[in-house]
Amino acid sequence: MPELGLKRGNVIKIEGFASLHVKEGKILIIGGLHEKWAKVVVPRAKSIPIEAESDAVVECTLGPNGKMERLPGRTIPREWDTLVEEIIAKKPRIVLVLGEVDTGKSFFSTYIANMLTRKNLRVAIVDGDTGQSDVGPPTTLGVVMVDKPVVFLRDIPPRAIYFIGSMSPAGHILEFVVGIKRMVEHGLENADIVVVNTAGWTSGGPGRAFRLYEMELLEPDMIVALQRGGELEHILKSVDQSKVKRILVSKHVRSRSRSDRTFLRELVLAQYFEGAGRLILDLRKVLLERCYFRTGEPVDPKSLGDPSIIHAEKMPEGLFIVVSGELSESKAQELKAKFRNLHTISTWDAKNVIVGLADSNNELVGLGIIDEIDYVREKLAVITPVKDVSRIVAVQFGSMKITPDGKEVGTVKPGTF
Amino acid sequence: MTFEESELQKLVDEIIGLLERYRDDPGALDVILSELKSLYRKVPIYPGIIANCLPMVVKSTKPEQLKVGDEVSILTKDNRILTGKVSSIAQGDIKIVDCHEYGGQKSSGECNIPLSNLKEARLFTRDILHKEWPDLDFEE
Chain A
1 MPELGLKRGN VIKIEGFASL HVKEGKILII GGLHEKWAKV VVPRAKSIPI
51 EAESDAVVEC TLGPNGKMER LPGRTIPREW DTLVEEIIAK KPRIVLVLGE
101 VDTGKSFFST YIANMLTRKN LRVAIVDGDT GQSDVGPPTT LGVVMVDKPV
151 VFLRDIPPRA IYFIGSMSPA GHILEFVVGI KRMVEHGLEN ADIVVVNTAG
201 WTSGGPGRAF RLYEMELLEP DMIVALQRGG ELEHILKSVD QSKVKRILVS
251 KHVRSRSRSD RTFLRELVLA QYFEGAGRLI LDLRKVLLER CYFRTGEPVD
301 PKSLGDPSII HAEKMPEGLF IVVSGELSES KAQELKAKFR NLHTISTWDA
351 KNVIVGLADS NNELVGLGII DEIDYVREKL AVITPVKDVS RIVAVQFGSM
401 KITPDGKEVG TVKPGTF
Chain B
1001 MTFEESELQK LVDEIIGLLE RYRDDPGALD VILSELKSLY RKVPIYPGII
1051 ANCLPMVVKS TKPEQLKVGD EVSILTKDNR ILTGKVSSIA QGDIKIVDCH
1101 EYGGQKSSGE CNIPLSNLKE ARLFTRDILH KEWPDLDFEE
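Keeping their order, the protein sequence lines are chains A and B.
Going by this note's numbering, the first sequence wraps up at 417, each residue one higher than the last.
Going by this note's numbering, the second sequence wraps up at 1140, each residue one higher than the last.
Hint data in this document are derived by calculation from the structure and do not stem from the laboratory.
Because the structure is a prediction, the values reported are computed rather than measured.
All residues carry an ideal CB built from backbone N, CA and C; glycine is no exception.
One or more hints might be untrue.
[Said to hold, decoys possible] So, partial list: chain B residues that the calculated Cβ filter (under 8 Å) puts toward chain A: (1) E1005; (2) S1006; (3) V1043; (4) I1045; (5) Y1046; (6) E1139.
Pulled out of the complex, with its shape left as it was, chain B reads as follows (with noise of 0.2 Å):
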């Protein structure tokens, strides 16, 4: 038995953990396999950073916390999954633009879906090297 010599396996637990956590979201993968690349790309020899920042692509969050413009993955209670750009929250209904549905019918431009129908919600950061570590984020 010994220590890691790197964070390599943590990373590769991060990965691991993230593809069955969002197994059911391609939305979510999509964004999240988006920022690995530019991760490894950015900074290859820190897979510490990388393991840190990638969990935070991806977080689940309350229908009231959503704001518009925000980027999002909706699963609803009758098991549809939207992706798209939040443009309004009101009346009971949350508005998606440039909505994408994943599984079902394949749909674009506005999705209203009832906050009553609303399983669960997850918010997407992209850019978030940028966020986190700036000082890593070089220009290419």
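The following block holds chain A by itself, in its conformation from the complex (with noise of 0.2 Å):
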């Protein structure tokens, strides 16, 4: 194992995939405090810099794409000292953190998480992005507290994951809205100051609308916007400017490539499904959430003259109805010229639907993946970590189509279900 002598003071930069092990010393790994014996492992496409506190020997072993290279100085900017001073000396309840993808918001999340731990401070970090999930799986968003020094936030449990079913706030910003006042509800009952990374999506008008009503929702003492330019003043000037702390995006960040992006997110998934069973689900007992499916009353399939028809109900919004086989045209236009409109979907339309399974408290307990409903026998088999079915109160419906080795394999067309 090749070790590595470091003077203090001295930086280097990991790039994963690599193991480290502190043999001697104290080393800083994103404002975290690393002493002998500590064990860091980095996963592939993400980076770490490394600034020795005192003298140190480290043995660093790098896998595949796994890089070491010696950094001239520290690259933490002098200014988020500051702000972290600044965060000790006012104790904000809820700080903000804002930018665009690829303008290191989760590391500066977890610098300042380090920082203030490290001044005794009890800290959450809220987690808004779905995609590039740092906490729980992605398609969720999820706080966890921070009490000792982290380097991954995955690395930590996360106290509380919420549903959203999708990797983009796109079409979802409701969820995303009701999903980060939970979580940030969550994080104020265990800590003294709660960071929420936000996700990357700041403009257009769904982007706008978004950002606007979370930082009206959520009421932030201090709002720190990482920028390379002005790329936020939109969205700032909206805002109370006492509040708004404009920090420099590091030159150290790196953009992460598409192909990187799916990759992250399926190892993430495929690592959660991990060992998942098939569970059975009793639809006549268990809640559907987030769909049209089982929500109208009851029609009794034969009575609508076709065969291929095995579901009915009637809803509001017209007959919704299950059709294994092919639905003739004219029975088509029929039905719908009875009930006003038809909602038609297939049998096989629900296989691979990502589903978020809650308890009694409507806290998530895992994601599930849908194998098959049978609409017949009214039972639905999902592919799941979670092993108690007991705990399984409420399936959440999803949009994305995914594959338990975590692969995406579609979306939903919103309102199918």
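Join the two chains into one complex using the hints; note that each chain is given alone, in its own frame.
If you want it as structure tokens, here you go:
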């Protein structure tokens, strides 16, 4: 194993895949102090700076794509430390971190949390990025409590997670706004300071709406804007300037390619579903949420005069039917005329749809992937790592289709179910 | 007054713009419709991505930039509209195979159009989602 001798103040950058073991001395990683015996694993497509707090010896093993580079000096800008001092002095309850994609928001939030933890403050981090989620699996928001030095938020078990059902806030603004509020409330119950790491969606009508209403709802005491230039000013102009702290994006932040992002998402999802089993849920006993399915008045499918219809219900929006095979055009027209509107799905439409599995407190117990819905026997089969079926009280429908090995295989048209 | 809370409006604006721009070119509209259906089937939750991809399906291009195999529509100075695939560009002519003429006499097979009679060439790009967002081009 190659050992690396570091003098106090030396800085190196490690790119994953790599593993580190502190053999002697103390090192700082993203503001967190790691002493002798500490071990850190850097996954692929992630990189971390390491600063020697004292003379130190670090054992460093590089795996595939792993790299190590000596840097001329500290990578953390001084203004970050000034901001930390201000946070310690003012103790804001909610710090909102804004920034576009690839501006180092997670890194910055981790740094702040590590530095505040060293001052014995209890810090919660809410992760609002469902695509590149650092807390909980992709398609969820989550909150973690930081009470010891952390390198990657993913290494801490989440205190709570909230199901969004999509990798992007687009089309899911309501779920995002509700979810972020609930995660912040969890954080406030347990921490002195809640750092909210937001999704990098800041422009366009939906992006502006999302950001501004999110701020109106959360009422942050401090807004940290990570900018390269003035790319957030259109949003910052609408908020109380005394709360805004403008911070330059570190020049060390690197952009991730779309393929890197997809790889990371798939990796995390695959790890999440590793060892998952198939659970059968009774549709007469679980609540179905975020869907039309089973919200209407049951209609006997035989009464509709087409053997391909295996499930039917009457809703204010029209007739909802599930079809096995092909429904004739003439029958579709007839039903549409009779019930004002016809909402048709096929038996296989639900295959691979991601779902949230919630408990009696409406807290997310875990994720599932629909394997099959037996509309006649009223059973739902899901692939999930959740073992205890009795904890699952509600099933929340999502908008992505994935396989248990983490592959994204489709999206669901809004309103399908 | 408030914000658009989805990108559906942007998509509708794009569709209206394309219908107006190519109202004289049924070949281009055919390809746009085909791509719109494909995009909507594959990424119905991302109207913003559909809106960004759709205008890339048909592009005006210079004749000298066309390549053999390109799918195009050709508008001539005598107001003919031909759609097909470029098989050659040589000696002052562009040769189109699988040629279809809209509006006037229908034809198939090969058409030769003198470059001097060419008013506009429009290049079609199919499978636009795969080219622009390969990670969202899910197998069906």
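Quick rundown of the hints versus the structure:
Annotation: interface hint on B/E1005 holds; nearest CB of chain A at approximately 5 Å, less than 8 Å. Taking 8 Å as the C-beta cut-off, the interface hint given for B/S1006 holds, the closest approach to chain A being about 6 Å. The beta carbon of B/V1043 comes within 6 Å of a beta carbon in chain A, closer than 8 Å, and the hint placing it at the interface holds. A hinted interface residue such as B/I1045 counts as satisfied when its beta carbon comes closer than 8 Å to some beta carbon of chain A; here the least separation is about 5 Å, so the hint holds.
Because the beta carbon of B/Y1046 sits about 6 Å from the nearest beta carbon in chain A, less than 8 Å, this interface hint is met. Hint on B/E1139 holds. Least Cβ distance to chain A is approximately 7 Å, under the 8 Å limit.
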